[in-house]
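Kindly produce the complete structure, drawing on both the sequences and the hints.
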Amino acid sequence: MSSRWADTAEDREHAQRLKAEKAARKAAKEEARRRREAAAAPPPTPPTKKRRTNPSSPSASSNSATTTSTTATSKPLRFPAPEIAACRHVDTYEPLNRIEEGSYGIVSRARDTETGEIVALKRLKLERETDGFPITSLREIRTLMAARRCEGVVGLREVVMGDSLKDVYIVMDFIPHDLKTLFDDMPEPFLLSETKTLLHQLLTAVSFLHSHWILHRDLKTSNLLLSHTGQLKIADFGLARFYGDPRPPLTQLVVTLWYRAPELLLGGTTYGPEIDLWSCGCIFAELMTREPLLQGKNEIDQVAQIFQLLGVPTEESWPGWRAMPNSKGLTYPKTQATVKNHLRTRFPLLTAKGVELLDGLLKMDPKQRWSAEEALSGRGKTFWMEEPRMKRREMLPTWPSKASGEKRRKRGSPGAPVRGDAPVLEGNLEVKGLFDGEEEEVAGAGFALRMGR
Amino acid sequence: MVSILSNPLATPSQLLANQTEADGVPSSLSKSLLWAGSTLIQSAGILLRLPQTTIATAIVLLQRFYLVRSLRSSPLLDSVHAAVFLSSKLTEHPVKPRSLINVTTYLQHCPSPSPISPVSDNEQALQDPDSYFVSEHEYYAQRTRMLDTEAEMLKAFGFQSWCALPYTLVLNYAQALDCLDESLVRRAIAYLNDALMAPSLVFLTHQPHMLAVAALYLAARSEGESGGGSAKLPEGWWEVFDVEREELGFLVAVFEGAAKFVEEQTGRWKRRGGKGVPWDLEALEEELQFHG
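These protein sequences, in sequence, are chains X and C. Residue 359 in full-length UniProt numbering is what sits at position 359 of the first sequence, and the numbering runs on without skipping anything. Residue 73 in full-length UniProt numbering is what sits at position 73 of the second sequence, and the numbering runs on without skipping anything.
Keep in mind that the hints were calculated from the coordinates and are not lab data. Just so you know, not all the hints are guaranteed correct.
Residues of chain X placed beyond 10 Å of chain C at every Cβ, according to the derived structure [to be verified]:
(1) 88
(2) 116
(3) 146
(4) 211
(5) 241
(6) 307
(7) 393
(8) 394
(9) 400
(10) 424
In silico DSS-like links for lysine-lysine, alpha-carbon gap of 30 Å or less [said to hold, decoys possible]:
(11) 166/X / 232/C
(12) 96/C / 125/X
(13) 180/X / 125/X
(14) 232/C / 75/X
(15) 353/X / 180/X
(16) 31/C / 232/C
(17) 125/X / 155/C
Beta carbons are placed, not taken as given, at the ideal position from N, Cα and C, and that holds for glycine.
Laid out in structure tokens, this is it:
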């Protein structure tokens, strides 16, 4: 019996065929190269008619031949200009399975029939619209287009339309996980090194958005996607918009309740990028515990929970907070204990630098809150330098993706606010349960057994 | 790609294959109608107290739309409405459909300083508000057509609604050249507004930085002539802003020609008396018969 590795006649024939193919390819390549060279052969150079416009120096101007050649080499910069082209039809994509249904659209997984790539299709709900194409969807498409170059933002591929003018789909890169779903599947929360990787990516992306004058206004874990290679991407720009300087008045009805900054809850309308950083702070805490940090039942309860964790603001810690529209109706106990900040006891395992960063992101006064830049390379820098260092994103664990396959569970997180009038916190509402059970609080550090960091 | 420096541009083949002309509308009429549409947008924008960025965006959107669509299939008035409505949303100064339709009806029927309004031959027309009253029925019909055209518009340019305008660049460049002076900048911005009306569609063929340089060049030149400004710019300064001499020459010619073109067009429609610009399809067909 001959060895299974021995050459058979069939093998030799195959090898010969490969060889012949290779030779043919080589010949074709050579031919193409010759043709290219022939085409590129320098045509007789026409005399340059262009008037010399920038004499480099008075002495050189006498030698006009050399200066002409130098001006000819300075090429003006040209900007890439996309074509004005119509939308393609949604038929280019073959639907696979539904991922999620939100308040302003259905997201499903689909395959590009031309390239075979898997994408996410978001169908905009336009049926109920009476004022033409909704301004929120226009903002979503424009902000996504503006953030295309950022790797921390989900990539917008194109916008396609169905048969009617009410059928509009946004085509985005498909990313298999979102952090919220991931938390439900993970037996253990992320290690500190992994948390750092994710938070660093989040802050980098947020800093990109803010430097391009984009407010996201709905940062939360279910809007943060994670690829198989550990790349975090911000998604769902349904509430995003451009802002400017001076700050335009904006609606206060933005950001999912649990991630909403105190100045929004207290009715501020000239907020800015700080509200996204507050959400980042909440996400930082959630990355460590897998539990949303502040789970208020309603606006007033959310305010109560914030004050309970960070202490009631004073004129020193947040100058002018009493002048906020909604803070007048609030009554709260005035004692020394109520202004205490409980972050340290809530996160006993976090290093001092980590608590400092978290505290910086969760400053109640928006003026004192750290910017993304500050958190990355300013005062927050030491947190990234100390041990444990950030894990490389490729080294993050991987999980099976729910979005690519099975049905998803409904989650019990309140939805993003829909358009309408913002609730006003009026009257003499007492912040109930604010300091109940304070005696039961643990004063010292907690204990948890963890393997690895 | 969204950037303050770059816009989606028309390709040469798109400019050659003008849909309106392919549909049998003479080139001069098609150019004239696009001008009338742009002028209506400009006048309506002023009455609606919209900022010039919103107005300019609307005009560019209208030009982009008719680059790929025909005037004979998409009526001019509905496209004007849609362009203003869309641009007001894009630039965060939303207008109400009712105000918009009221204003354009007023401009079409009542004598006003706008070049597309009829001339006031009798005082009666001025005082007759019935001539520009929009009935509820008419309002809903126009609004429905406007919203449909808006969707058509977004579809026609693949939702690339970004419109980078050269106004702020003029300020930047003037500052960089150390000639930031109110009358100079005013003049440059006026040149840019002229160029919006030019039949060469320079906002579709040139990036904003080139337009800004051309406007600043012309402004500095005419300021120098009138002896007002002391704007003596260094030789070849436009190359610093990535504009070649030939391009600058072309744009300067277009900018300067815009005034004459507008004058011609104003005369063209004013002379016609009561029958103004053919805003809808029916009037356009009539106009074509008259022509052909």
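Here's how the hints hold up against the structure:
1. In this structure residue 88/X is not separated from chain C by more than 10 Å, as the shortest Cβ-Cβ distance comes to only about 8 Å.
2. Consistency note on residue 116/X: stated as away from chain C, and its beta-carbon is indeed over 10 Å from all of that chain's, at 22 Å minimum.
3. The claim that residue 146/X is not at the interface with chain C is violated, since a C-beta of that chain comes within 10 Å of its own (minimum 4 Å).
4. With a least CB separation of 13 Å from chain C, residue 211/X remains clear of the 10 Å interface cut-off, as annotated.
5. Residue 241/X, annotated as away from the interface, has a beta carbon of chain C within 10 Å; the closest lies near 8 Å.
6. For residue 307/X, the condition that its CB be more than 10 Å from all CB atoms of chain C holds, with the nearest at approximately 34 Å.
7. Every CB of chain C lies more than 10 Å from the CB of residue 393/X, the least distance being 26 Å, so the non-interface label holds.
8. Every C-beta of chain C lies more than 10 Å from that of residue 394/X, the closest at about 29 Å, which supports listing it as non-interface.
9. Remark: the non-interface label on residue 400/X is consistent with the geometry, its nearest Cβ contact in chain C lying 34 Å away (cut-off 10 Å).
10. Separation of residue 424/X from chain C is adequate, the least Cβ-Cβ distance of about 24 Å exceeding the 10 Å criterion.
11. Between the alpha carbons of residue 166/X and residue 232/C the distance comes to roughly 55 Å, so the proposed pair goes past 30 Å and is violated.
12. Between the alpha carbons of residue 96/C and residue 125/X the distance comes to roughly 22 Å, so the proposed pair stays at or under 30 Å and holds.
13. With a C-alpha separation of about 24 Å, the suggested pairing of residue 180/X with residue 125/X holds against the 30 Å cut-off.
14. Restraint check: the Cα-Cα separation between residue 232/C and residue 75/X comes to about 25 Å, which is no more than 30 Å; the hinted pair holds.
15. Restraint check for residue 353/X and residue 180/X: satisfied, since their Cα atoms lie roughly 26 Å apart, inside the 30 Å limit.
16. For a cut-off of 30 Å, the pair hint linking residue 31/C to residue 232/C is broken: about 37 Å separates their Cα positions.
17. Straight-line distance between C-alpha atoms of residue 125/X and residue 155/C comes to about 16 Å, which keeps the hinted pair within the 30 Å bound.
Consistency with the previously given hints fails for numbers 1, 3, 5, 11 and 16, ordered from lowest to highest.
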